[in-house]
Amino acid sequence: MAAREEPVPVASARNMGGSRPQSREIQTSTSSSSFLPPGPNVIIRDPNHDGPAPPLNPPDRTAPSRSRSEPLAPGPPPRRGRGAGPGPEPVILDEEEELDLKYGAHHVIMLFTPVTLCMAVVVATIASVTFYREKDGVYLVYTPFHEKNDDVGSNTWEAFANAGILLGVIAVMTFVLIFAYKYKCYRLIHGWLFLSSLLLLFLFTYIYFGEVFKSYNIPFDYISLAFCLWNFGVVGMICIHWKGPLLLQQAYLVFISALMALIFIKYLPNITTWVVLGAISLWDLFAVLAPFGPLRILVETAQERNEQIFPSLIYSAGVIYTLVGAAERPAGEQDDDATRNAQDTESAPGPPRRPPRGQRTGSTPSPHDEADGFDRQWVRQNQNQSEASSQQRVIPPPRPLEMEEEEDRGIKLGLGDFIFYSILVGKASSYGDWNTTLACFVAILIGLCLTLMFLAIFRRALPALPFSIAFGLVFYFATREIIAPFADTLSSQQVFF
Amino acid sequence: MDLSSAKVSGADKLDLCRKYFLGGFALLPFLWAVNAVWFASLAFRAPPFAEQKAIRQYVLASAVGAGLSLLVLIVWIVIFNQYRADWGAVADAMSFNIPTGQP
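Note that the protein sequences, when read in sequence, are chains F and U. So for the first sequence, the working numbering puts the first residue at 43; every next one is plus one. So for the second sequence, the working numbering puts the first residue at 201; every next one is plus one.
Same shape as in the complex, but just chain F (with noise of 0.2 Å):
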């Protein structure tokens, strides 16, 4: 739990390196595919860093709502801080949990869309490509059992030693990652990185779109085709490793995660793609919430350090604020908040600044606003509850982890997260069925919210598979073995007609 720091300017040593990034706390899952490396699948939510993008941020949005001295002011916001501020009161802090709530609510909606639209992808393409859908007897080298018995004992033995054998492999990848990272060999990794989207943007999309053109039966040329290519491979690369628009990499992103999935779908033999997914929530589990997991040294090294967690293994969501921010601003605004920005790192660079951003947004009601369900009036309510039960509760003194202070990016998602969920309904679809494919997909999606949930409660990185492919799992084999069947009888004998 942590402290929320009040919107009096507080010149603490911590606020001095307002400006530099700073690290925050994550949600991890695993990644693990062989080409994306084993590194964090992370949800990561930053509450307050200071990192590039100041303009907009979701608790702005709502930024009346979080001070209870000043309900509907647009006025500056008190922010939420970690470990920071004039100490840490059992009001306030329980306050925040509430309000974490709300933002959780709001995180999850900005998940949905990336989430939605990377199954999307893979759904299309399996119900559209047979390629992807059919076994041509290839077989990633991890799976050295191809399941071809006549018994289901038998596979099923073989499909366990496959999922062994790829968690092996995953989790050796992965403490590599740690290693490199945690002795700063930072030219292997990102080596490793680049090499992994380049394969993935250039091989891939290639056989992807081969794929797409020969199952739609468009006509194209090598030339065209290199060109668009080239033209794809080399933007993604450069907003992936290097500065782009936001949006762009965050539609880059989505599209490698399917391309990954549905590498997964097609090469992975059919029990081994179930029992991999199993496996997978598992060391998931394990690599975050373990005291020794890689990915949880992994996230408190980076917040050590004060990094970020190389953008190619993590999608992003709070960017998309800074996007609306920049249409929505006002002109005028900008020069002022540059000097405001210049004396504020001359000085106290933390609160001061914060005012004109809730001003900003305040002003501007977006649709956000009420966007996932939460108005100005159901907060006020529940403030209210809050104050009445808040003194009985006990707060846990601050974690460590959450020590320092940031700015909220919003929230976080690992790359393998993506590819997982979307293996699972892309799995699902592959046979056919679009009520356990529908299933899956709205299993995935409580899953996800579940999972941001407990990091509103936890406050600290947590898998953000377990949930989603427990769900997804028990949600496909539910309507696969035992809805569809049911339905097909109902309506074979006419019960509904």
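There's no promise every hint is true.
[To be verified] For lysine-lysine, the following BS3-like pairs were computed, each having C-alpha atoms within a straight-line distance of at most 30 Å: (1) U:Lys207 x F:Lys226; (2) F:Lys285 x U:Lys253; (3) F:Lys256 x F:Lys177; (4) F:Lys190 x F:Lys256; (5) F:Lys285 x F:Lys226; (6) U:Lys219 x U:Lys253; (7) F:Lys224 x F:Lys285; (8) F:Lys285 x U:Lys207; (9) U:Lys207 x U:Lys253; (10) F:Lys285 x U:Lys219; (11) U:Lys207 x U:Lys219; (12) F:Lys190 x F:Lys177.
[As the list claims (entries may be wrong)] Derived CB-CB ranges, DEER-like: (13) U:Gly223 x F:His232: 18 to 24 Å; (14) F:Tyr228 x U:Val264: 38 to 44 Å; (15) U:Val264 x F:Ser533: 58 to 64 Å; (16) F:Phe246 x U:Gly223: 20 to 26 Å.
If you're looking for bench data, these hints aren't it; they were derived computationally from the structure. No residue lacks a Cβ here, since even glycine has one placed at the ideal position from N, Cα and C.
Got chain F; can you put chain U on it based on the hints?
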């Protein structure tokens, strides 16, 4: 990368815009397109700042370059598909995907 951030100075923006523009000459009109869209509001709608004029020029040039490239690409694709059958084996060798079905 957030252009509206106050922490990114005008010089940095200009530098980035310039690099994107120059990069576009490496047969990368998509980079030009991105440049034009990305910097458009900064070049035309943002309150004036020192580097705005230069950025505006780069944005315009990028937009023109991207548009021309798209035109060339479309024209080439149309020509190719128009004469694919006439060119025979050459066109077949150039084809990434040859449509099947009715001619």
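Taking 30 Å as the top limit, are the C-alpha atoms of Lys190 of chain F and Lys177 of chain F close enough? Status holds; Cα separation ~12 Å.
Holds or violated: Lys224 of chain F to Lys285 of chain F, with C-alpha atoms at most 30 Å apart: 25 Å, holds
For a C-alpha distance cap of 30 Å, please report whether Lys285 of chain F and Lys207 of chain U respect it. 15 Å, holds
Would you check the hint for Lys285 of chain F and Lys219 of chain U, treating anything up to 30 Å between C-alpha atoms as holding? 11 Å, holds
Given the hint that Lys207 of chain U pairs with Lys226 of chain F, does the C-alpha gap stay at or below 30 Å? 27 Å, holds
Check the hint pairing Lys207 of chain U with Lys219 of chain U against an upper bound of 30 Å on the C-alpha distance. 19 Å, holds
Return holds or violated for the Cβ distance of Gly223 of chain U and His232 of chain F against the range 18 to 24 Å. With Cβ atoms ~20 Å apart, the hint holds.
Would the pair Lys285 of chain F and Lys253 of chain U pass a check requiring their Cα atoms to be no farther apart than 30 Å? 22 Å, holds
Quick one, are Lys207 of chain U and Lys253 of chain U close enough, alpha carbons at most 30 Å? 20 Å, holds
Can the restraint linking Lys190 of chain F and Lys256 of chain F be considered satisfied, given a maximum Cα separation of 30 Å? 29 Å, holds
Is the gap between the beta carbons of Tyr228 of chain F and Val264 of chain U within 38 to 44 Å? 39 Å, holds
With 58 to 64 Å as the target window, see if Val264 of chain U and Ser533 of chain F comply at their CB atoms. 59 Å, holds
Hint compliance for this structure: every hint is met.
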